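Protein chains in written order, with the working numbering: chain C, 1 to 213; chain X, 1 to 213.
Read the hints as simulated data drawn from the structure, not as lab findings. Please read these numbers as outputs of a predicted model, since none were measured by experiment. A hint or two may mislead.
To be verified - Derived, one-sided and incomplete: chain X residues facing chain C with beta-carbon distance under 7 Å: (1) 79; (2) 84; (3) 121; (4) 122; (5) 123; (6) 126; (7) 129; (8) 132; (9) 168; (10) 169; (11) 171; (12) 188; (13) 203; (14) 206.
To be verified - 20 Å max Cα-Cα, derived EDC-like pairs, lysine to aspartate or glutamate: (15) C:20 <-> X:180; (16) X:26 <-> C:178; (17) X:83 <-> C:182; (18) X:82 <-> C:182; (19) C:26 <-> X:178; (20) C:83 <-> X:211; (21) C:20 <-> X:73; (22) X:164 <-> X:133; (23) X:26 <-> C:182; (24) C:142 <-> C:178; (25) X:20 <-> C:197; (26) C:20 <-> C:36; (27) C:83 <-> X:182; (28) C:164 <-> C:197; (29) X:164 <-> X:197; (30) X:83 <-> X:73; (31) C:20 <-> X:178; (32) C:83 <-> X:73.
The beta-carbon is built from N, C-alpha and C at its ideal position, and this holds for glycine as well.
As a plain string of letters, each chain reads:
Number of protein chains: 2
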Amino acid sequence: MKKSYISNNVIRRLPRYLRKLDELQKEGIERISSGELGNQMGLTPSQIRQDFSCFGEFGQQGYGYNVRALHREIATILGLRKKFSVILVGVGNIGHALIENFSFRQFGFRFLGAFEIRKDLVGTSIAGYTVMDAADQDAFIKDNSVDIAILSVPRPSAQRVADKLIGSGIKAIWNFTDVELDARGSGVIIENIHFADSLMTLSYMLSVEGEEQ
Amino acid sequence: MKKSYISNNVIRRLPRYLRKLDELQKEGIERISSGELGNQMGLTPSQIRQDFSCFGEFGQQGYGYNVRALHREIATILGLRKKFSVILVGVGNIGHALIENFSFRQFGFRFLGAFEIRKDLVGTSIAGYTVMDAADQDAFIKDNSVDIAILSVPRPSAQRVADKLIGSGIKAIWNFTDVELDARGSGVIIENIHFADSLMTLSYMLSVEGEEQ
Chain C
1 MKKSYISNNV IRRLPRYLRK LDELQKEGIE RISSGELGNQ MGLTPSQIRQ
51 DFSCFGEFGQ QGYGYNVRAL HREIATILGL RKKFSVILVG VGNIGHALIE
101 NFSFRQFGFR FLGAFEIRKD LVGTSIAGYT VMDAADQDAF IKDNSVDIAI
151 LSVPRPSAQR VADKLIGSGI KAIWNFTDVE LDARGSGVII ENIHFADSLM
201 TLSYMLSVEG EEQ
Chain X
1 MKKSYISNNV IRRLPRYLRK LDELQKEGIE RISSGELGNQ MGLTPSQIRQ
51 DFSCFGEFGQ QGYGYNVRAL HREIATILGL RKKFSVILVG VGNIGHALIE
101 NFSFRQFGFR FLGAFEIRKD LVGTSIAGYT VMDAADQDAF IKDNSVDIAI
151 LSVPRPSAQR VADKLIGSGI KAIWNFTDVE LDARGSGVII ENIHFADSLM
201 TLSYMLSVEG EEQ
């Protein structure tokens, strides 16, 4: 694949494109113009053309984009064909929700299992996965070369558990703890889910709308 | 407040600035330069100056930004001083997690309570809130002029429940269902939490890093 610099903003839009293209494929649509795609996504055609131009040519003037080819390419760029392995650390409410509802496989990830420190939860079953003992986590990560850990432990233990994961050789942490983790110097990638950021964005839109009325 | 057009990208960055400024205030820091702020946030000083220039002047050349004033202004822009009211609809795992862990008040929201259709959950208590019957939801929204509904119901009922909320006069929906809701023509604001988008972004970073090594 041709590599060129792709800006962070474009990267952040790629999952949205992928979801849209998924939908179009399910509807049996084979080609779509930048105008129609923009219309459905609330983007300008020129923005779409610019985004896609970062990673090669998918459209032909006047013919639109090939939905399947574009889907495949975006999935490849996002690394979804690498089948990264994932474990979950901390089976509280969020952990439960992810194991039960999140389609890891659909997005190209291999979910290997969940770990918990609370002895009353170890050995219980969630959506077919038997919760494993946090004491075995380090060996499991090493034996299975686990790529990604989902961190969903209580806030006070977030940094301590992250440090342990980093020490075990994890490559990335998907952080649900709302704690800004310090992973400096480790080379470990941290991706945060900040619920508050999303609610504040909503608040802004609501606020602006109220003033316009 | 002077109103000027603020781009979507800037808006999306404001919550991050707010979190950072919160932190700085807690550390007792009163002023910070765009250089130092950029350094701590992984942004260039010119990006920071450009972002803040959208909504007035907070810095003085050579003196840096007043942390408190900047915090106050960003909170105002985000509508956090309007004390928007919030209810939660659907107390599954995600609903539970939000009621128990999310600091609505810290971010300037008034959390009024949670609704559920499952009779075995109605009347139970979560973090001090008694779960209310979904049958009373419509009247509650009207009586209390509720601004925001958090939608955390199972996927198959997402659109139906959203339609009901819209009919009740809700102004915005914070959508955790991973269903693209159709609210066209209603003027209701939809803000989606897409877990998958975040994991795909992480996957991209991991993928690129692997290829660079």
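Evaluation of the interface hint that places residue 129 of chain X against chain C, nearest CB under 7 Å: Because about 15 Å separates residue 129 of chain X from the closest Cβ in chain C, which is outside the 7 Å limit, the hint is violated.
Proposed proximity, residue 73 of chain X with residue 20 of chain C (alpha carbon, max 20 Å): Violated. Residue 20 of chain C to residue 73 of chain X sits at ~36 Å, over the 20 Å cutoff.
Pair hint outcome, residue 26 of chain X versus residue 182 of chain C [Cα-Cα no greater than 20 Å]: 18 Å, holds
Status of the residue 126 of chain X interface restraint (C-beta, 7 Å, chain C): 10 Å, violated
Restraint outcome when residue 169 of chain X is required to lie within 7 Å of chain C by C-beta distance: 14 Å, violated
Satisfaction of hint between residue 178 of chain C and residue 142 of chain C, Cα-Cα up to 20 Å: 26 Å, violated
Given hint residue 73 of chain X paired with residue 83 of chain X - CA-CA distance at most 20 Å: Distance ~15 Å between residue 83 of chain X and residue 73 of chain X Cα, so the pair holds.
Satisfaction of hint between residue 178 of chain C and residue 26 of chain X, Cα-Cα up to 20 Å: Answer holds: residue 26 of chain X to residue 178 of chain C is near 17 Å, not above 20 Å.
Interface restraint verdict for residue 79 of chain X against chain C (beta-carbon cut-off 7 Å): Nearest chain C Cβ about 3 Å off; hint holds.
Residue hint residue 188 of chain X, partner chain C, criterion CB-CB below 7 Å: 10 Å, violated
Restraint status (C-alpha distance of residue 164 of chain C to residue 197 of chain C at most 20 Å): With Cα atoms ~27 Å apart, residue 164 of chain C and residue 197 of chain C exceed 20 Å; violated.
Hinted contact residue 171 of chain X with chain C - closest CB pair below 7 Å: 6 Å, holds
Hints 3, 4, 5, 6, 7, 8, 9, 10, 12, 17, 18, 21, 24, 27, 28, 29 and 32, counting from the list given before, are not met by this structure.
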